[in-house]
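Protein chains in written order, with the numbering used here: chain A, 97 to 227; chain B, 97 to 227.
In case anyone wonders, no lab produced these hints; they're calculated from the structure.
Treat each hint with caution, since some may be false.
Anything over 12 Å on all C-beta distances counts as not near chain A; from chain B, calculated [claimed, not checked]: (1) Phe111; (2) Leu114; (3) Ala215; (4) His216; (5) Ala219; (6) Thr220; (7) His223.
Residues on chain A that point at chain B, a partial pick, calculated with CB under 8 Å [to be verified]: (8) Glu100; (9) Pro101; (10) Leu104; (11) Val120; (12) Asp146; (13) Gly174; (14) Val176; (15) Thr178.
From a predicted model like this one, the values you see are computed outputs, not experimental measurements.
Cβ atoms here follow ideal geometry from the backbone N, Cα and C, with glycine treated the same way.
Number of protein chains: 2
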Amino acid sequence: MSHEPLALADALASFEALWSPRIVTRVNDYDVRVAKVHGEHVWHAHDDTDEFFLVLEGELRISLREPDGERTVVLPRGAVFTVPRGTEHRPSAPSGAAILMFEPTGTSTVGDRHEAVPAHVDATTGHVLGS
Amino acid sequence: MSHEPLALADALASFEALWSPRIVTRVNDYDVRVAKVHGEHVWHAHDDTDEFFLVLEGELRISLREPDGERTVVLPRGAVFTVPRGTEHRPSAPSGAAILMFEPTGTSTVGDRHEAVPAHVDATTGHVLGS
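One chain only, chain A, in its complex shape (with noise of 0.2 Å):
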């Protein structure tokens, strides 16, 4: 890892790919990662781990299936949201985010259980910045 202070809006401006995080800099054993979104992620769960998402540019829609129900939360630029363990959800962004992630290193876009990965989903723990 880089030891400078890297723009977020160059890491973003690097790469393409839709729902393939990059790995912008790690803390201690955890990733902070970048990625650009259109359309619909699929709907997984982290059975190990909370996950963390700041929305970067545009709007991000994250549903969750909860003990109560499903409910979809919305996320403008600016807005923070955590994901606790355990909990089914599927991002999604209609319209197109930036959106910005801190998790554990080695934790799976599609989680530990997930509904089948469909060709536009990226099944990574992460792509090194630049790679």
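Chain A is fixed; fit chain B onto it per the hints.
Relative to the frame of chain A, chain B by itself:
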């Protein structure tokens, strides 16, 4: 912690204190904190953890004492930087800034080793938002 999205602008508008982080959400045993800063913090080091910074508004500088000498990195709005564990550092913001940090819950703002803490620096492990 609320289980609704939180606008960071609203979180920042809810307090005035400088160098006094508010915890906006938790991710496993980590805090996401925001702070308003202006002027100089204090030289300090966290022996057991890295510390992540994202600049939300303004410009943050972080002076670092590294094996090869001292340097200062400059983070404009939208830039990120991780201070490695054990590295003495001193954040400053001559013109003021708003920042977001990730670090383990319980991490002190003045680290495990620090200079005398001046009155304008809040030695804290973070305050609950709204308190």
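Each hint, compared with the structure:
1. For phenylalanine 111 of chain B, the non-interface assignment is confirmed: its Cβ lies about 16 Å from the closest Cβ of chain A, beyond the 12 Å cut-off.
2. Non-interface call for leucine 114 of chain B relative to chain A: holds, since the shortest CB-CB distance, roughly 21 Å, exceeds 12 Å.
3. Once the 12 Å rule is applied to beta carbons, alanine 215 of chain B is consistent with being away from chain A; the minimum gap is 29 Å.
4. The claim that histidine 216 of chain B is not at the interface with chain A holds, since no C-beta of that chain comes within 12 Å of its own (minimum 25 Å).
5. For alanine 219 of chain B, the condition that its CB be more than 12 Å from all CB atoms of chain A holds, with the nearest at approximately 22 Å.
6. The non-interface label for threonine 220 of chain B is consistent with chain A: the shortest C-beta to C-beta separation is roughly 20 Å, beyond 12 Å.
7. Every CB of chain A is more than 12 Å from the CB of histidine 223 of chain B (nearest about 17 Å), matching its label as outside the interface.
8. Evaluation of the glutamate 100 of chain A hint against chain B yields a held restraint, the C-beta minimum of about 7 Å falling below 8 Å.
9. Interface restraint check for proline 101 of chain A: the shortest CB-CB distance to chain B comes to about 5 Å, inside 8 Å, so the restraint holds.
10. Given hint, leucine 104 of chain A at the interface with chain B, holds; its Cβ is 5 Å from that chain's nearest Cβ, closer than 8 Å.
11. At its closest, the beta carbon of valine 120 of chain A sits 6 Å from a beta carbon of chain B; the interface hint therefore holds under the 8 Å criterion.
12. Interface restraint check for aspartate 146 of chain A: the shortest CB-CB distance to chain B comes to about 5 Å, inside 8 Å, so the restraint holds.
13. A least Cβ separation of about 5 Å between glycine 174 of chain A and chain B falls short of the 8 Å threshold, and the interface hint therefore holds.
14. Residue-level restraint check for valine 176 of chain A holds (minimum Cβ-Cβ distance to chain B is 5 Å; threshold 8 Å).
15. Nearest Cβ of chain B to the Cβ of threonine 178 of chain A: about 5 Å, under the 8 Å cut. The hint holds.
Checked against the numbered hints above, the structure violates none of them.
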